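Chemist: If you read the sequences in order, they're chains Y and X.
Every letter in the first sequence is one number past the one before it in numbering that gives the first Met the number 0, and letter 47, counting from 1, is 46.
Every letter in the second sequence is one number past the one before it in numbering that gives the first Met the number 0, and letter 183, counting from 1, is 182.
It is worth saying that the hints were derived from the structure and are not from the lab.
Be a bit skeptical, because a hint or two may be false.
[Stated by the list, open to error] Here are the computed distance ranges between Cβ atoms for each label pair:
id, chain 1, residue 1, chain 2, residue 2, range
1, Y, Thr22, X, Val272, 35 to 45 Å
2, X, Val272, Y, Asp330, 28 to 38 Å
3, Y, Met0, X, Asp29, 54 to 64 Å
4, Y, Arg133, X, Thr39, 30 to 40 Å
5, X, Arg295, Y, Arg133, 29 to 39 Å
No experiment lies behind these values; they were computed from the predicted model shown.
Using N, Cα and C, we set each Cβ at its ideal position, and we do this for glycine too.
2 protein chains.
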Amino acid sequence: MRTIEWRDGTVVTIDQMRLPHETVFLEMRDVAQVAEAIKTMKIRGAPLLGVAAAFALALVAYNSKAESKRKLIDELEKAAEILKETRPTAVNLLWAIDRILNGARDFSGNAEDSGAFVVEEAQKIADEDVTANRLMGKHGAELLHDGDVVLTHCNAGALATVDYGTALGVIRAAWEQGKKIKVIATETRPKLQGARLTVYELKRDGIPVTLITDNMVGYVMYKRLVSNVIVGADRIVRDAVINKIGTYTIAVLAKKHNIPFYVAAPKSTFDLVHSSTDVTIEERRPEEVTHAGSQRIAPEGVNVLNPAFDVTPLKYVTAIICEDYVLRKEDFASSKLVYK
Amino acid sequence: MRTIEWRDGTVVTIDQMRLPHETVFLEMRDVAQVAEAIKTMKIRGAPLLGVAAAFALALVAYNSKAESKRKLIDELEKAAEILKETRPTAVNLLWAIDRILNGARDFSGNAEDSGAFVVEEAQKIADEDVTANRLMGKHGAELLHDGDVVLTHCNAGALATVDYGTALGVIRAAWEQGKKIKVIATETRPKLQGARLTVYELKRDGIPVTLITDNMVGYVMYKRLVSNVIVGADRIVRDAVINKIGTYTIAVLAKKHNIPFYVAAPKSTFDLVHSSTDVTIEERRPEEVTHAGSQRIAPEGVNVLNPAFDVTPLKYVTAIICEDYVLRKEDFASSKLVYK
Chain Y
0 MRTIEWRDGT VVTIDQMRLP HETVFLEMRD VAQVAEAIKT MKIRGAPLLG VAAAFALALV
60 AYNSKAESKR KLIDELEKAA EILKETRPTA VNLLWAIDRI LNGARDFSGN AEDSGAFVVE
120 EAQKIADEDV TANRLMGKHG AELLHDGDVV LTHCNAGALA TVDYGTALGV IRAAWEQGKK
180 IKVIATETRP KLQGARLTVY ELKRDGIPVT LITDNMVGYV MYKRLVSNVI VGADRIVRDA
240 VINKIGTYTI AVLAKKHNIP FYVAAPKSTF DLVHSSTDVT IEERRPEEVT HAGSQRIAPE
300 GVNVLNPAFD VTPLKYVTAI ICEDYVLRKE DFASSKLVYK
Chain X
0 MRTIEWRDGT VVTIDQMRLP HETVFLEMRD VAQVAEAIKT MKIRGAPLLG VAAAFALALV
60 AYNSKAESKR KLIDELEKAA EILKETRPTA VNLLWAIDRI LNGARDFSGN AEDSGAFVVE
120 EAQKIADEDV TANRLMGKHG AELLHDGDVV LTHCNAGALA TVDYGTALGV IRAAWEQGKK
180 IKVIATETRP KLQGARLTVY ELKRDGIPVT LITDNMVGYV MYKRLVSNVI VGADRIVRDA
240 VINKIGTYTI AVLAKKHNIP FYVAAPKSTF DLVHSSTDVT IEERRPEEVT HAGSQRIAPE
300 GVNVLNPAFD VTPLKYVTAI ICEDYVLRKE DFASSKLVYK
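Isolated chain Y (complex conformation):
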């Protein structure tokens, strides 16, 4: 199945905190349930967050008893506020909400028809995500070659999207073309999306994967075990890629070792009206760092930093793979992207 599905008034998704140990499906019937699942990272991954927010608004529209379109819009706007407060960094969530809201406002029709439009639009966003990932896979696979070992961070896979994945979509496409590639997955503390989700996805597809701890990235590059890096993105701003904490560390190491560093992300991840200094980097609960899984690892009461994302200036990025094309470093200047 897809990572998230709309089933007549119920949004069904996989609880990503329970993977890989258990496959548990969440059935959500209102905005509060979706918002809670996003906050607790049962639903995560920038593109998936966008689709989940869209489906949450679809739930509002589907269940609405609004007698006028104005009242429906009010309900949608109230829900949008709740959703926007769940996580501040990934832009796809804001993008999807704005697309639905603006679409509903512009739609000419009564409350019922407008509600139906919202549900359809959400499904369209989900379908478009799958198409975008397939296209990114097609474009990005050209960058990979027989014998390559691709290092990836966090999970930018089917689980971070509706299906197929961004960074893992590129890897999957190359693999499906018969290219003999291997993957090195970083475990990605504190939430271990690499160890739990990326390894799970790649093993399921039979793509060879080796798991390392995050602090082994320098070592595997020093030992020339890595040909390319491909990661996803939570937001691409004018001067930088904002992605899971640890991405910047990998990018600096890749540049030092002359290893291409690719970012795969759909256009819904681009936010070219902002720069990196405009973006709030989410600081999450200290318990994520003082614990691994449910187990406490550090003494009680220790100070902790827990930024969920970091900022990789574009000078570290070799190319950005999106659904329309591969934007290479030399093209950054002619795009709205700022190379600095």
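Assemble the complex: chain Y is given as a structure, and chain X must be docked to it using the hints.
Modeler: Leaving out everything else, chain X in the frame of chain Y:
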């Protein structure tokens, strides 16, 4: 108490795998018990491994019923073989064993006197370690200033030595001089020595410490939150510092951000007849990576890399602090160290 103590035929040490949750003392009475504690990292830290090996030989001498000095030497050599096979990378273990063996061979006296010499020599090695750490602290503290935030990796503290520590010894000395410094400790996957041991030691001493995951190092440097890096070493060879996995990643990032990178290690860690290519990097059990503590985090059957150490070429090292002096980058060339 000291991290390790000799008590008339018993070697007492703290089980470092149980910290910080429980303080459990191990009482070891033969070489096999010491070797097992080293292999399972209940005893760890390069200087401490040397002292533990010395005390293991002291146990052999103490319990020996050898009727001739030749037979005692045979027994010591047999024990030395067992100890040398426990862990291949840290040189202090080899250094201490060779010092005891050579000393015993050169000693003129019968079996009983030679045995007493071995016990005394082991205690001397332990005492010298404490003295060396105090001197390193004195020299190294000159490099730290009010307001500095020092990033350290793994645990190069009292627990990695007999007392006071190497990298943490420098931090302690600066703190005792009244310098207002703070520490950032990396958690140090897979065995979490930073989260478990460094945080524990620093909190106990009242030195402010903030815990981060290993992949946050780039972020904290990018945000200019770090003034200096100080780490210990498992072996310093002609061209590189070999230390806990993750050290090289931190060194590359430090250089990129113009942050001084210091190594604190006693002369027993220097191995200037070898280069980095001569040294075996220990590869440990995959379960250390697939698990965090006792909890499985990755799917069954995944491939894993688990090198316990990495290689940091000297060009990334600003200075090496040892008990005699601070060896600065500009002095590497005139020493036996090779700058490349």
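Chemist: With reference to the structure, classify each hint as holding or not holding.
Modeler: Structure-based check of each hint:
no., hint, result
1, Y:Thr22 x X:Val272: 35 to 45 Å, "violated (56 Å)"
2, X:Val272 x Y:Asp330: 28 to 38 Å, "violated (52 Å)"
3, Y:Met0 x X:Asp29: 54 to 64 Å, "holds (59 Å)"
4, Y:Arg133 x X:Thr39: 30 to 40 Å, "violated (49 Å)"
5, X:Arg295 x Y:Arg133: 29 to 39 Å, "holds (33 Å)"
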